[in-house]
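A.B. asks: These are the residues of each chain, in order.
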Amino acid sequence: MTAMIELANAEKTFTMHLQGGVELPVVRGVSFHADPGECVVLSGPSGAGKSSILKMIFGNYRCDSGRIGIRHRGTVIDLATAEPRQVLSIRRSTIGYVSQFLRAVPRVATIDVVAEPLIVNGVAREEARERAGRLLRRLNIPERLWTLPPSTFSGGEQQRVNIARGFISDLPILLLDEPTASLDAANRAVVVELIAEKKTRGVAMVAIVHDDEIRHLIADRIVDVTSFAAAA
Amino acid sequence: MSELSSLDNDQPLLVAEGLAKNYGRLPACRDVSFALYPGEVLAIVGESGSGKSTLLQLLSAQLAPSAGRVSYRMRDGVLRDLAELGEAERRFLFRTDWGFVHQDPAQGLRMGVSAGANVGERLMAVGWNHYGRIRDTASTWLDRVEIDVGRIDDAPKTYSGGMRQRLQIARNLVTEPRLVFMDEPTGGLDVSVQARLLDLMRNLVSELGLAAIVVTHDLAVARLLSHRVMVMKGGRVIETGLTDQVLDDPREPYTQLLVSSILPP
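Line by line, the protein sequences are chains A and B.
Following the numbering used here, the numbering of the first sequence begins with 1 at its first residue and continues without gaps.
Following the numbering used here, the numbering of the second sequence begins with 233 at its first residue and continues without gaps.
Hints are computed from structural coordinates only; laboratory data are not their basis.
Heads up, the beta-carbon is just placed ideally off N, CA and C, and yes, glycines get one too.
Hints are supplied without guarantee of correctness; some may be wrong.
Partner residues are not named here, just some residues of chain B that face chain A (Cβ under 10 angstroms, in silico) [said to hold, decoys possible]:
#1 S265
#2 S298
#3 F326
#4 T328
#5 N435
#6 H459
#7 D476
#8 D480
#9 E484
#10 L489
#11 S492
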């Protein structure tokens, strides 16, 4: 395959043992792909399983059956059956995930939170911080906040820090879970620009966006998740 | 960066095969097998009595298994059965290549001698004999674990709980071990002190490319520090996987119970 991501009949069910073993089917028959330089947007109402699919592609949720092929360093690895070490390696050098919420690490300065993904991939600290600064400036985070940990920031500021952290890397796959959810118009426009730049660099993206206007601006293809609804 | 190269290393550092320990007729630990790779942090979680501390003692050769074995890759690259090591090799592991961070710092420190001597002692045990160099290295390490170097001549019995724990970490890491065992490293500390210690450990582990096995009943500790987690119950490993996978998508009834029992802050 030339696709960066290729899902074939992926399926996920939660079994809630504390609720008497209730089976909660989430999705089944999930099949789609994302090519380099392409942004695939998942659409469907809340609860249709969009976030669950992103989490399955990131390896955060386990996949019960089917296949999640990820092109990683030139070979295709099935994330549904990959060893934990392979998943970690894929996350470090292939897949980035921009979630809605920042999992704040206490005491780490904002600029270092953003620079970290570059540093773990071997970029020199100074260069990583410089690139982090550039991105924070584009996302309108004032320089006086850079040395503070983001845990005290407003929701919108934290989200922008999170976006900077997600977009700073040179990873070939990005998963975007509502990257523009609580942003103002100016910052939404910056995110749209960042996504366009990633496309020109051949990054494959799978995104969830509720805003129709943004979806229209970034989507190369729309995959309707309701067709994968597993609810009986 | 060391983390990158070490995580890509394909040779396991420590291998457990069919490990078991019985106390009389009581099985404390049953059929545990896994491999730990360089730079990897593994958390062992479970309640009191689940067998996690027994397992840690088996893995660190402090307790002989009733069945199974633990192998460790020595610095010459050869994987060796711990039960068959000679006394000199065991000493090398305990004094240099391994660290052991106890829940109670009094077990891992000499409470009556100075902080500098506590750190320097591990260096002297491996043949360092230049007082100035030992003191310089000890000072550097106190600074790295955020202890005021002005306190270097004070004994840890005059330190707070958090400082003692950080000193214990400095004492363990000064010999540049490749593997550190930690038994409830944040147990008994105030929450704010815990956060500082966790952050410090997280940075040191990643900067030094350390492998670590951390026993904890605190899932937040596992989330922050570990790549991979093993859940224990009744002496058995009942679920294992990537830390966020096990915590966000727990499969076993007991793991679901553990995860759902966390009180949101």
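A.B. asks: Which numbered hints turn out to be false for this structure?
C.D. replies: Hints 1, 2, 3, 4 contradicted; others consistent.
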